[in-house]
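2 protein chains.
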Amino acid sequence: MVVGLGPGNRENFTPEVLAAIKSAQVVVGYHTYLDLIPDLLQDKEKVATPMRGEVERARQAVELAAAGKTVAVVSSGDPGIYGMAGIIIEVAQGRVPVRVIPGITAASAAAASLGAPLMNDFAVISLSDLLTPWETMLKRIEAAAVGDFVMVLYNPRSYGRPDHIKTAREIMLRYKSPETPVGIVRQARRGPEEKIITTLGDMLSHEIDMLTTVIVGNAQTRVEGDFMVTPRGYRL
Amino acid sequence: MVVGLGPGNRENFTPEVLAAIKSAQVVVGYHTYLDLIPDLLQDKEKVATPMRGEVERARQAVELAAAGKTVAVVSSGDPGIYGMAGIIIEVAQGRVPVRVIPGITAASAAAASLGAPLMNDFAVISLSDLLTPWETMLKRIEAAAVGDFVMVLYNPRSYGRPDHIKTAREIMLRYKSPETPVGIVRQARRGPEEKIITTLGDMLSHEIDMLTTVIVGNAQTRVEGDFMVTPRGYRL
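Those protein sequence lines, which keep their order, are chains A and B. For the first sequence, position 196 (counting from the first letter as 1) is numbered 249 according to my numbering, and the numbering increases by one without interruption. For the second sequence, position 184 (counting from the first letter as 1) is numbered 237 according to my numbering, and the numbering increases by one without interruption.
So that you can see chain A by itself, here it is in the shape it has in the complex (with noise of 0.2 Å):
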């Protein structure tokens, strides 16, 4: 079984989350994440990998499965979302049955705080460039600021690549105006929750880590009070 916590916070997995990792026998992921649910594991044999481990960490789950043990692999957010159920699938060729059991993924999370910025069409894009080529990621942004879709960055900068966030930021800045309303959002749902909302132009000024989700608005997008609004197109 696949799972996801959610942003990490206790009221915001589901209850089918909560049984199957009290189903299993053997709890596998990131420390980071076992750490989250330290009363859940009680009892239960512990697999706690390091970041960036995650054919190892497959493997391990794939292996113990085969074994005949009963295996909840965690991670946050949704696992279907840049998440672990791809690598599980693919390692596990069919010798064992696999489930992905979905959780609220950051785009979620970081629209709620935000307002609603997702009420029209929109494109999710990662920003590390670990494992999708650059030149595949810079052909993405183009393509979904040209269709004037919402942009939803995910890991959008870390110490290995700082520079990320900026060229897509020029990128966006061809298509979209610099007034358009940008959400950033620092640990949406888990706490302590830091949350701006600025604008295309002013964006840098703002820290954005790889804790933080960025939503660029489209052509509509608009802010209203505290919240970032894309408009669904209602006749009000």
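Any given hint could be a false lead.
Just so you know, same-sequence chains aren't split out, so a pair can sit in one copy or run between any two.
Below are the DSS-like pairs computed for lysine-lysine, each with C-alpha atoms no more than 30 Å apart in a straight line [claimed, not checked]:
(1) 219 with 192
(2) 219 with 75
(3) 248 with 122
(4) 97 with 219
(5) 97 with 75
(6) 192 with 99
(7) 97 with 122
(8) 219 with 122
(9) 99 with 122
(10) 192 with 122
Hint data in this document are derived by calculation from the structure and do not stem from the laboratory.
Here the structure of chain A is known, so what remains is to put chain B in place on it, guided by the hints.
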């Protein structure tokens, strides 16, 4: 409070959503959604509204809140994704405080049932043109196809617009191979769920309706046993 029931199955909405509904004096929603949670509505004032009555529903909810009631507006999926969050904020105009509580959106629910199609960048597009001009939709379908995004189609077909999915497919076929895997999930995680994995070439030979979510792969997406997987790019 604008809350999301997720796919509709009780196992798939979060404790925070449950607590919000329990704390409300009035629950407002399309009657199909209220019918999903009859036991939570005892001793509460209920405002059941017809489909497409979103503006009226929002007005009623805001009026009730302005009169001092604690109001929960329920919808399926995530109220922040093509849901009620935006219209509530627009109608409220700061007169009453608004809180959006996320749910599992159809993209996550359908992806979990299909395996792992959303391991890489994706675009979410609604094919309903009740609210978005058709030309804008065509532009977005083309842009997402040019960017080789995985594409998640919400509201893919209804009686009023049976041909949008055909037009969308024709545009996608200009940029994507007819062998591109396509997942079609009806009533994802609500049940009775129906799931088909087919190709962009063959997709129209399967039933697609308004209860369906369609996920079209990118150039790397493949079928792995019963699953549709978009590799994230790990070296195995």
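Verification of the hints:
{"no.": "1", "hint": "219 with 192", "in the structure": "both (15 Å within a copy, 26 Å between copies)"}
{"no.": "2", "hint": "219 with 75", "in the structure": "neither (43 Å within a copy, 45 Å between copies)"}
{"no.": "3", "hint": "248 with 122", "in the structure": "between (42 Å within a copy, 28 Å between copies)"}
{"no.": "4", "hint": "97 with 219", "in the structure": "neither (44 Å within a copy, 50 Å between copies)"}
{"no.": "5", "hint": "97 with 75", "in the structure": "within (9 Å within a copy, 33 Å between copies)"}
{"no.": "6", "hint": "192 with 99", "in the structure": "neither (41 Å within a copy, 49 Å between copies)"}
{"no.": "7", "hint": "97 with 122", "in the structure": "within (11 Å within a copy, 45 Å between copies)"}
{"no.": "8", "hint": "219 with 122", "in the structure": "neither (46 Å within a copy, 46 Å between copies)"}
{"no.": "9", "hint": "99 with 122", "in the structure": "within (12 Å within a copy, 46 Å between copies)"}
{"no.": "10", "hint": "192 with 122", "in the structure": "neither (43 Å within a copy, 49 Å between copies)"}
Consistency with the previously given hints fails for numbers 2, 4, 6, 8, 10, ordered from lowest to highest.
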